[in-house]
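Asks: Each chain is listed here by its residues.
2 protein chains.
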Amino acid sequence: MPATAKKTAATATARILVVDVGGSHVKCRLGADAQVRKFASDATLTPQRMVQEVRRIARGWAFDRVSIGYPGVVRHGVPVREPHNLGRGWVGFDYAAAFGRPVRMVNDAAMQALGSYRGGKMLFLGLGTGLGSALIVDGDVLAMELGHLHWTKKRTYEDFLGKAGYARMGKKKWRRRVRRVVQDFCDALLPDDIVVGGGQADRLKRLPAMARLGGNADAFDGGLRLWSDSSITIT
Amino acid sequence: MPATAKKTAATATARILVVDVGGSHVKCRLGADAQVRKFASDATLTPQRMVQEVRRIARGWAFDRVSIGYPGVVRHGVPVREPHNLGRGWVGFDYAAAFGRPVRMVNDAAMQALGSYRGGKMLFLGLGTGLGSALIVDGDVLAMELGHLHWTKKRTYEDFLGKAGYARMGKKKWRRRVRRVVQDFCDALLPDDIVVGGGQADRLKRLPAMARLGGNADAFDGGLRLWSDSSITIT
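Note that the protein sequences, when read in sequence, are chains A and B.
One point on numbering: in my numbering, the residue at position 30 of the first sequence is 30, and numbering is uninterrupted.
One point on numbering: in my numbering, the residue at position 109 of the second sequence is 109, and numbering is uninterrupted.
Note that these hints are calculated values from the structure, not bench results.
Be a bit skeptical, because a hint or two may be false.
Intra- or inter-copy, both count: the list cannot distinguish identical chains.
As the list claims (entries may be wrong) - Restricting the straight-line Cα-Cα distance to at most 25 Å, the calculated cross-link-like pairs of lysine to any residue (SDA-like) are:
no., residue 1, residue 2
1, Lys172, Val36
2, Lys154, Pro191
3, Lys153, Arg206
4, Lys154, Arg59
5, Lys153, Ala209
6, Lys121, Arg15
7, Lys154, Gly215
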């Protein structure tokens with residue numbers, strides 16, 4: 001990229017506030033700044049309180065657009081199901097009105113996937129409290145809930161690969177399961193590129209064949225791309 | 001569609017030969033004709049013999065383009081893995097040269113999915129010898145091999161839902177499994193529309209909620225759409 005184009009792109013994203021809503025924390029970053037600010041979330045968090053807290057910790061930051069990564073199903077920019085790990089009222093809430101700014105919202109795993117996307121058909125798996133997933137195909141971002149597939153009669157993939165599975169099975173078994181699941185999803189979804197990210201990804205000793213590790217800043221970089229990258233479509 | 005546009009579209013597809021390559025039969029149709037011609041296939045079928053036999057049974061049909069549904073993984077119009085149930089040599093074979101016509105090739109489940117596609121995000125599941133699958137998102141056709149996901153340590157979804165599973169479990173259990181798998185894929189892939197097709201679909205007593213039944217001619221109609229519908233992209 002020529003220097004002027006780079007500068008223009010940076011200027012264009014400098015005033016975007018990216019909000020990553022999670023089950024244990026809500027994290028915010030302004031543009032490409034290194035600093036991340038956060039507050040603790042829990043099963044009682046409503047969208048009203050989320051916006052209020054975000055505005056509080058973002059004090060002093062000048063932003064005119066907001067990107068939100070939401071831990072649940074989003075269609076066409078709005079949540080269509082209540083989140084599993086937070087309070088109620090997220091479906092139907094007017095985020096743009098509450099922030100007083102234009103808002104783009106996407107599933108949290110999809111936002112993180114976008115941050116590491118380099119082209120082609122990419123599968124993202126996010127190892128966190130649960131198991132996030134997204135598929136990006138030639139710039140089209142498809143949120144998925146692959147973790148909800150059943151692996152046994154009673155348990156889903158998420159039950160094995162999420163935090164509860166780690167606690168139940170221990171590190172060694174968990175690592176083996178992760179490798180096997182990545183291989184399975186790879187055989188089933190036929191991606192060119194696989195990214196494993198999320199807060200628990202550093203518990204892996206080695207990555208499955210074909211996969212690369214996501215970066216810590218992926219969610220925030222993905223949030224900027226929601227506004228700056230015209231080749232991206234959210235479905 | 002106005003009558004003239006309809007006539008033009010029909011004329012444009014009248015000389016397309018659609019070939020549906022399967023593990024037990026290879027079936028052909030010319031344009032939107034009602035007549036389907038076929039010959040038996042088996043685990044020794046090579047692409048050379050397929051082309052030779054297709055040309056033989058298509059005698060008298062005037063075609064200038066060919067669509068092929070292939071029972072295996074296709075990327076960017078060419079097979080990238082040998083088929084499970086046929087002979088060898090399918091990867092790297094020059095289909096256009098062998099037919100002496102331009103050829104468009106796609107995964108067989110994807111071609112069938114395309115025949116029943118009405119827009120949005122559609123999941124197709126094909127109950128046949130194995131378990132075919134495809135996802136179409138706003139016209140982008142993604143072939144998938146969801147049947148290869150493991151359901152138990154040793155068995156995949158295909159092992160349960162394919163013909164072998166039917167024989168092993170019996171009708172009642174198989175029907176219950178199908179409903180459960182459709183529900184699982186629905187929760188995981190979040191489609192707006194689900195089509196269940198394939199030769200074994202008529203063994204279902206009732207369809208899972210949200211799903212509709214594919215039609216017998218879907219594969220052929222999908223093959224025509226590969227040429228006639230500019231809103232379709234194969235990835």
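Asks: If a hint holds in the structure, say so; if it doesn't, say that too.
Replies: Each hint, compared with the structure:
For a Cα distance limit of 25 Å, the shortest separation of lysine 172 from valine 36 qualifies neither inside one copy, at 32 Å, nor across copies, at 55 Å. In the homo-oligomer, the alpha carbons of lysine 154 and proline 191 lie at most 25 Å apart only across protomers (23 Å), although the nearest pairing inside one protomer, at 28 Å, exceeds that limit. Taking the closest pair of Cα atoms, lysine 153 and arginine 206 come within 25 Å of each other only across two copies (22 Å); inside a single copy the shortest separation is 29 Å, beyond that limit. In the homo-oligomer, the alpha carbons of lysine 154 and arginine 59 never lie at most 25 Å apart, since the shortest distance is 46 Å inside one protomer and 55 Å across protomers.
In this assembly of identical chains, the alpha carbons of lysine 153 and alanine 209 lie at most 25 Å apart only when taken from different copies (20 Å versus 28 Å within one copy). Proximity of lysine 121 to arginine 15 under the C-alpha cut-off of 25 Å is found in neither arrangement, the shortest distances being 30 Å within a copy and 33 Å between copies. Proximity of lysine 154 to glycine 215 under the C-alpha cut-off of 25 Å is found in neither arrangement, the shortest distances being 33 Å within a copy and 34 Å between copies.
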